[in-house]
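Student: In case you want the letters, here they are:
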Amino acid sequence: MDARAIMTMEMDKGSSSQLRVSRKARILIYFTMILAAVIVLLPLIWLLFSSLKTQEELTRNVWSFPRKLYIQNYINAWTRGRMGTYMLNSLISTIVTIIGTIVTSVTLSFILARFNFKLNRLIFYIVIAGMMIPIHSAVIPLYIMHKDLNLQNNLIALGITYAAFRISPSVFILESFMRSIPKELEESAILDGCGIWRLFTTIIVPLSKDAIISIVILAVLACWNELLVSMLLISEPFIKTLPIGLMGFITEYNAEYTQLCAGLVVACLPSLLFYAILQEKIIKGMTVGALKG
Amino acid sequence: MEKLQKKWGTIVLFLLPGLILYTGWVLFPIVQGVILSTYRWVTISKKVFVGIENYIDIFNDKYFWISLKNTLWFMLGTGVFQITFGFILGYFLYLQLRAYRFFKTVYFMPTVLMTVAVGFIWGYIYSPAFGLLKPFMEAIGLGQYYFPPLADKRTALFFLIIAQAWHSCGIQIMLFHAGFMNMPEEVIEMASIDGASGWKMMYHMIIPLSWGVTKTVIILQLTGALRVFDLVFIMTGGGPNHATEVLPMYMFAQAFQKFKIGHGSVVAVVIFVLSMGLTAFLRKVMGSDDLQY
Chain A
1 MDARAIMTME MDKGSSSQLR VSRKARILIY FTMILAAVIV LLPLIWLLFS SLKTQEELTR
61 NVWSFPRKLY IQNYINAWTR GRMGTYMLNS LISTIVTIIG TIVTSVTLSF ILARFNFKLN
121 RLIFYIVIAG MMIPIHSAVI PLYIMHKDLN LQNNLIALGI TYAAFRISPS VFILESFMRS
181 IPKELEESAI LDGCGIWRLF TTIIVPLSKD AIISIVILAV LACWNELLVS MLLISEPFIK
241 TLPIGLMGFI TEYNAEYTQL CAGLVVACLP SLLFYAILQE KIIKGMTVGA LKG
Chain B
1001 MEKLQKKWGT IVLFLLPGLI LYTGWVLFPI VQGVILSTYR WVTISKKVFV GIENYIDIFN
1061 DKYFWISLKN TLWFMLGTGV FQITFGFILG YFLYLQLRAY RFFKTVYFMP TVLMTVAVGF
1121 IWGYIYSPAF GLLKPFMEAI GLGQYYFPPL ADKRTALFFL IIAQAWHSCG IQIMLFHAGF
1181 MNMPEEVIEM ASIDGASGWK MMYHMIIPLS WGVTKTVIIL QLTGALRVFD LVFIMTGGGP
1241 NHATEVLPMY MFAQAFQKFK IGHGSVVAVV IFVLSMGLTA FLRKVMGSDD LQY
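Residue numbers (our numbering), protein chains in the order written: chain A, 1 to 293; chain B, 1001 to 1293.
Simulated from the structure, these hints should not be mistaken for lab results. Predicted model, so just to flag it, every value in this text is computed and none were measured. Any given hint could turn out to be false.
[Claimed, not checked] No farther apart than 25 Å at their CA atoms in a straight line, the calculated lysine-lysine pairs in the DSS-like style are these:
#, chain 1, residue 1, chain 2, residue 2
1, A, Lys147, B, Lys1260
2, A, Lys118, B, Lys1200
3, B, Lys1046, A, Lys147
4, B, Lys1260, B, Lys1215
5, B, Lys1258, B, Lys1069
6, B, Lys1006, A, Lys183
7, B, Lys1215, B, Lys1200
8, B, Lys1215, A, Lys147
9, B, Lys1046, B, Lys1260
10, B, Lys1069, B, Lys1284
11, B, Lys1007, A, Lys281
12, B, Lys1200, A, Lys24
13, A, Lys118, B, Lys1007
14, A, Lys147, B, Lys1069
15, B, Lys1069, B, Lys1200
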């Protein structure tokens, strides 16, 4: 399957599938699906409830609804936990990652997909081999490199590092997508006197929009959640990204459970919001990312 | 197109940003890591060349082998859980019974959550202080058997695997779902008309037709297990008594807790080699024709 095939694949066929499901099987299937949904949702609902209780109410009964919505937990978590600062920092590094990924991967994929030259395949395979490299096996040199270059506690440097590790999967998706754009389109554009730059901006980029959205979504999910690299490259309290900030907050107030739950809810909100808005695109992006890489 | 092929200047300009970033931030650190693995730090800034001594130290360290064993168990455990549930639930979604969209939305939700948050949430679920596990066991009358599972070295890894499966099973579900959706509809329809149903359908049609995706899921799952760090770091930090110390965690402990940069680099090299080797091996064994890496 190439990237375009997956990207344009029908995820919903509208009508129900061709397979007949007997009544008995139907009951069993629903039972399993509901059980699985409960297992997924229960921890999240419990977290939400706990975050709205007082400490004393929580220790009395874990199952109960919060009697009165105790918002103070959220106020505490937001101010003591410096969630706003951490989110802003994460946002900065994420934006740098997005820009970095687009600028490097889209251009690289364009050349590799549309031009023939001797080193083309060699470059392509070296670049996509990077998908097999876990970031863990590069963190020690990256840490030393950032220390030597005085780039520690620098959100832009962090974002650029993330972007570097997004190149391989992004090129893998984009290259195959761009390869499937029909040649005729660009042939006629070139006859009209269109140069490389215009070909790129007026034909290739607009036609690869879906794939570009996918690589951006994958990049956002990967860097927004990343812990190890940010932990090693960032140490100053006010520059911390959300994952390390959250970690610090929780170790600091480790006995005030309800407040910690509120902090966790707040920390999860941006991801859930992102998911709520872009659900189809995220699922599609992650599917193409996996099946293509 | 031939006209543009000759515009070398522009072509190189398009290649440069991607290649510079990739070489400088991905390839160079890997090479650098191999070099670092042959040095020993005498003081924080002075290092001496020691050849393969670090490798000998690591391969003689019993905790290295424990971490390798833990990684393999982790691989196997998450693999069994996620591939089984991914297949079953992906198949149920494919049947498109009423309300399947709701289930789809729910199942994928945990995968977008921050791993750090998931780690804390599951840590709390297991905790005796206010978690869900203890009251749940009490509710079903098994209260006296409760013990904090992450504190016991026989059970910690298993309960970590459950948390990981909860977090990332959605990806497998979606991949299988996409794979089933991509099966040739006519063939399924024919078989269905011919009277194939239930297990027969599953065995003769569904499994062979979706084998491409299944292979991908297995490869992704097994190689992905080499990269697990965040969850372990948050939930147990590798303990109790190294019972959950997977390779990246062991590397982190060597390099950044014991400050043996050279030893940590050896482990980084091992992770790199394992990741490359495992991917190549699995592709060969499974004859992965669906993916053109």
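Student: Decide if the proposed pair is consistent with the structure: Lys1069 (chain B) and Lys1200 (chain B), CA atoms, cutoff 25 Å inclusive.
Tutor: Violated, at roughly 38 Å.
Student: Quickly compare the C-alpha distance for Lys1215 (chain B) and Lys147 (chain A) to 25 Å and report which way the hint goes.
Tutor: 41 Å, violated
Student: Is it true that the CA of Lys1069 (chain B) sits at most 25 Å from the CA of Lys1284 (chain B)?
Tutor: 24 Å, holds
Student: Do the alpha carbons of Lys1200 (chain B) and Lys24 (chain A) lie within 25 Å of each other, as the hint requires?
Tutor: 17 Å, holds
Student: Taking only the CA atoms, is the gap from Lys1007 (chain B) to Lys281 (chain A) under or equal to 25 Å?
Tutor: With Cα atoms ~37 Å apart, Lys1007 (chain B) and Lys281 (chain A) exceed 25 Å; violated.
Student: Compare the distance between the alpha carbons of Lys1046 (chain B) and Lys147 (chain A) with 25 Å, and conclude whether the hinted pair is satisfied.
Tutor: This hinted pair holds, its Cα atoms lying about 15 Å apart.
Student: For a C-alpha distance cap of 25 Å, please report whether Lys1046 (chain B) and Lys1260 (chain B) respect it.
Tutor: Distance ~13 Å between Lys1046 (chain B) and Lys1260 (chain B) Cα, so the pair holds.
Student: For Lys1260 (chain B) and Lys1215 (chain B), compute the direct alpha-carbon distance and say whether it is at most 25 Å.
Tutor: 39 Å, violated
Student: If you draw a straight line from the CA of Lys118 (chain A) to the CA of Lys1200 (chain B), is it 25 Å or shorter?
Tutor: Given pair Lys118 (chain A), Lys1200 (chain B) is violated - Cα atoms ~51 Å apart, limit 25 Å.
Student: Decide if the proposed pair is consistent with the structure: Lys118 (chain A) and Lys1007 (chain B), CA atoms, cutoff 25 Å inclusive.
Tutor: 15 Å, holds
Student: Does Lys183 (chain A) lie within 25 Å of Lys1006 (chain B) when you go C-alpha to C-alpha?
Tutor: Holds - the C-alpha atoms of Lys183 (chain A) and Lys1006 (chain B) are around 18 Å apart, at most 25 Å.
Student: Measure nothing beyond the straight line between the CA atoms of Lys1258 (chain B) and Lys1069 (chain B); if it is 25 Å or shorter, mark the hint as holding.
Tutor: 21 Å, holds
Going down the numbered hints, you'll see the structure goes against 2, 4, 8, 11, 14, 15, while the others check out.
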